[in-house]
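**Student:** These are the residues of each chain, in order.
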Amino acid sequence: MTPIRSSFRLEHVFMHETHYPVETILESISEAFIALNSEWCFTYVNHHAELLLQKTREELLGSSVWEKFAGAADSIFYEKYHEAVETQAAVRFEDFYALRSIWFEVRVYPSKDGLFVYFHDITQQKQAEEERERLLHQLEAERSIAEAHARQVEAVLASMTEGIIIADLHGNVLQMNEAAARLHGFTRPEESQRHLRDFPASFEVHIKDGGILSVDEWPLARLLRGEEFTDYEVYVKRLATDDGWFGSYNGGFVYDEHGVPALAILTLRDVTTQKAAEEHLRASEERFRLLCDNAPIGIAISHSTRYIYTNQALVTMFGYDNAEELLDISLLELLELQSRAQIQTYIALRMQGEIAPLSYETTGLRRDGSTFMLSVHVGRMPIGNMLTSITFVTDITERKEVERRKDDFLSMASHELRTPLTSVKAYTQLLQRLFEKEGKQEPVLYLAKMDTQLNKLTKLITDLLDISRMQVETMTFARDVVDFDALVRDTIANLPQTQQRIRLSGYTSRSIIGDQDRLRQVLTNLLINALKYSPQKDVVLVTVSTTSERVVVQVQDSGIGIARQHHKKVFERFYRVYTNNDTTYPGLGVGLYIAHEVVTRHNGTIWVESAEGQGATFSFSLPFENEKDEAKRE
Amino acid sequence: MSQRILVVDDEESILEVVQIVLEGEGYVVQTSMNSSFLHTLMPLPDLILLDVLLSGEDGREICKRIKVDMRLQHIPVIMLSAHSDAGKVADTSGADAFLEKPFDVDALIEIVQKHLKAVPTSNQE
Numbered sequence: 000m001t002p003i004r005s006s007f008r009l010e011h012v013f014m015h016e017t018h019y020p021v022e023t024i025l026e027s028i029s030e031a032f033i034a035l036n037s038e039w040c041f042t043y044v045n046h047h048a049e050l051l052l053q054k055t056r057e058e059l060l061g062s063s064v065w066e067k068f069a070g071a072a073d074s075i076f077y078e079k080y081h082e083a084v085e086t087q088a089a090v091r092f093e094d095f096y097a098l099r100s101i102w103f104e105v106r107v108y109p110s111k112d113g114l115f116v117y118f119h120d121i122t123q124q125k126q127a128e129e130e131r132e133r134l135l136h137q138l139e140a141e142r143s144i145a146e147a148h149a150r151q152v153e154a155v156l157a158s159m160t161e162g163i164i165i166a167d168l169h170g171n172v173l174q175m176n177e178a179a180a181r182l183h184g185f186t187r188p189e190e191s192q193r194h195l196r197d198f199p200a201s202f203e204v205h206i207k208d209g210g211i212l213s214v215d216e217w218p219l220a221r222l223l224r225g226e227e228f229t230d231y232e233v234y235v236k237r238l239a240t241d242d243g244w245f246g247s248y249n250g251g252f253v254y255d256e257h258g259v260p261a262l263a264i265l266t267l268r269d270v271t272t273q274k275a276a277e278e279h280l281r282a283s284e285e286r287f288r289l290l291c292d293n294a295p296i297g298i299a300i301s302h303s304t305r306y307i308y309t310n311q312a313l314v315t316m317f318g319y320d321n322a323e324e325l326l327d328i329s330l331l332e333l334l335e336l337q338s339r340a341q342i343q344t345y346i347a348l349r350m351q352g353e354i355a356p357l358s359y360e361t362t363g364l365r366r367d368g369s370t371f372m373l374s375v376h377v378g379r380m381p382i383g384n385m386l387t388s389i390t391f392v393t394d395i396t397e398r399k400e401v402e403r404r405k406d407d408f409l410s411m412a413s414h415e416l417r418t419p420l421t422s423v424k425a426y427t428q429l430l431q432r433l434f435e436k437e438g439k440q441e442p443v444l445y446l447a448k449m450d451t452q453l454n455k456l457t458k459l460i461t462d463l464l465d466i467s468r469m470q471v472e473t474m475t476f477a478r479d480v481v482d483f484d485a486l487v488r489d490t491i492a493n494l495p496q497t498q499q500r501i502r503l504s505g506y507t508s509r510s511i512i513g514d515q516d517r518l519r520q521v522l523t524n525l526l527i528n529a530l531k532y533s534p535q536k537d538v539v540l541v542t543v544s545t546t547s548e549r550v551v552v553q554v555q556d557s558g559i560g561i562a563r564q565h566h567k568k569v570f571e572r573f574y575r576v577y578t579n580n581d582t583t584y585p586g587l588g589v590g591l592y593i594a595h596e597v598v599t600r601h602n603g604t605i606w607v608e609s610a611e612g613q614g615a616t617f618s619f620s621l622p623f624e625n626e627k628d629e630a631k632r633e
Numbered sequence: 000m001s002q003r004i005l006v007v008d009d010e011e012s013i014l015e016v017v018q019i020v021l022e023g024e025g026y027v028v029q030t031s032m033n034s035s036f037l038h039t040l041m042p043l044p045d046l047i048l049l050d051v052l053l054s055g056e057d058g059r060e061i062c063k064r065i066k067v068d069m070r071l072q073h074i075p076v077i078m079l080s081a082h083s084d085a086g087k088v089a090d091t092s093g094a095d096a097f098l099e100k101p102f103d104v105d106a107l108i109e110i111v112q113k114h115l116k117a118v119p120t121s122n123q124e
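Going line by line, the protein sequences match chains V and F.
Start counting the first sequence at 0; every next residue gets the next number (numbering that gives the first Met the number 0).
Start counting the second sequence at 0; every next residue gets the next number (numbering that gives the first Met the number 0).
Chain V with its partners taken away, still in its complex shape (with noise of 0.2 Å):
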């Protein structure tokens, strides 16, 4: 490759002598040359600008630069290059040379015929500086990024209802948020970034307790020694307004990127509502407890079959020692093996949602084997949404052993008023035999209404005994096929004599299971109320019929009625109405009692329809046997 060294002029470029031949110049430095004549044809071409152009210098010299750059036309050479050649002043300018990713700065001569052009590699000049405008821009990106983020926490921090504490590692606060300010008394910034060992003189910190706790505990300073802590319960006084709270502290570090602690974070709750909230809780739970514990009657709360609370009461009446005990045995192995079924039973219904007794008494199975009568009384309790159980049980041994002793009492006191009623029944009797014969009429009747009254007395008598067994349950039942139809007309033809007419109709034709005398018992006794309440009017009447199951008595009068109010209660012992007029009926109120009691031992049921000054139909049902029954029964 040689250049053309007689067209080159090298008077522009080196205005001085040099020793060096000019090509070997230009050939050693480190930027593109070439060189163009006045026709904008190729005078010169170094290595470098054939390695920048990429054509040989056979290629360029003597072609017009736009001819071999087509695209140049268009481009800022152009326009530079002819700049250059009308002003004749040195034109400099930079450009990207895309196709090579460079940078170039060019430098452009005028010549007395042409002009010189130098390019200059500024790529990596130019990388730098885009470098350090990146740089610029990501830093300033970053520094908005980290204030706004700043921002943020600031907002979280003092929107936070938890308080938060940081410090150092040597114990100065350097920020408490609003939450930590304000529930430690602070009200400015300042007052808040102090030294741990400078906070006693604004409030004290006690244990849940009570007692105040040394600096030295204090959650900060235990922080501090390196314990890392959750739910550090105290109580904070504000010496300012000597009112304080309950906190909840937890402690923790901000480590730095070698995993040392850099921060020390305290945050903190107050709980003083909850802790009220759970105070009184405890004391609720206390006072139930107490409350419980102390009962004189056995409390237990049951799911299902199992225990899950039992009072001391209920423990000790049971012979057990704790109430742990109870917990692993099934509510049935308190009872009397007999009992069980019985209360099972009850127990299944009640899951069906049937109806079944809260209220009965049953027999209790000591620890020891040995049992007692008790009474039951199951209540529902939801818990949540598990159904419970709450039962209340008293062991009623000594009130049995009274109704004993009151039965005894009563049995005695029967048996001894009978035995008086008995002589002087006889001798009534007697004396009536001896005025008859002689034919003195007058102290005859006397002596009759007196034997009449004799049997008054013998029946009350009779009815006290006979609800005192009631209620023991000490009464025994005979189990005679009765006539029924026979028992309704022995009964009403063996009725005292009286004004009134008693018409019977209907019949049921079948027999019954049941005791005879308790029967004829509870119609006399209807039938005797009947007439009593009655009295002005002539006719009773008494109506039977049959169901494919059961018969059904009616004993229907026109007298003074009952309102419904007393309509249940004149079935239990003792009930007497009273009526607005003034008119007494004797009694101890009793009839009904009795005949209630003897009718539910047959399963049958009475009830009464009447209303005040309307009548009574008093009526009762028996079952005819039940063969299921019979079998239950054996």
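Don't read these hints as lab results, they were simulated from the structure.
Cβ coordinates follow ideal geometry from the N, Cα and C atoms, glycine included.
All the pointers check out, no bait thrown in.
If the Cβ cut is set under 10 Å, some of the chain F residues that face chain V in the computed set are:
hint: 1; residue: Ser12
hint: 2; residue: Ile13
hint: 3; residue: Val16
hint: 4; residue: Val17
hint: 5; residue: Ile19
hint: 6; residue: Val20
hint: 7; residue: Gly23
hint: 8; residue: Ser80
hint: 9; residue: Ala81
hint: 10; residue: His82
hint: 11; residue: Glu99
hint: 12; residue: Lys100
hint: 13; residue: Pro101
hint: 14; residue: Asp105
hint: 15; residue: Leu107
A few chain F positions that, by computed beta-carbon distances, are all more than 12 Å from chain V:
hint: 16; residue: Gln29
hint: 17; residue: Thr30
hint: 18; residue: Ser34
hint: 19; residue: Ser35
hint: 20; residue: His38
hint: 21; residue: Pro42
hint: 22; residue: Glu56
hint: 23; residue: Lys63
Once you've looked at the hints, dock chain F against the given chain V.
**Tutor:** Frame of chain V; chain F shown alone:
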């Protein structure tokens, strides 16, 4: 010869009035207040009226003893009781009849006659 009736009751007033009634009917009446008669009975009665509740003794037990005693078991025993339910328990004691206190004089005479008729007198001397 008149028939003999033994009345056993711990209550003197009862013994007395029953004796009056039955003697009025022509019977020979012996009385006892306890079971001591069991060892001293001579001559034997034709019927025994026996109270269920004697002081310190149970009439039903006495009745059982009578009914297992070869010498006495043929004698009808009518139990007397001031307890209305006692009739049911009298059954188990082997008594022939039961009469509730207080009773009608007529009823007493009737039940005595009925049971004396049922058993031919065997102790006539």
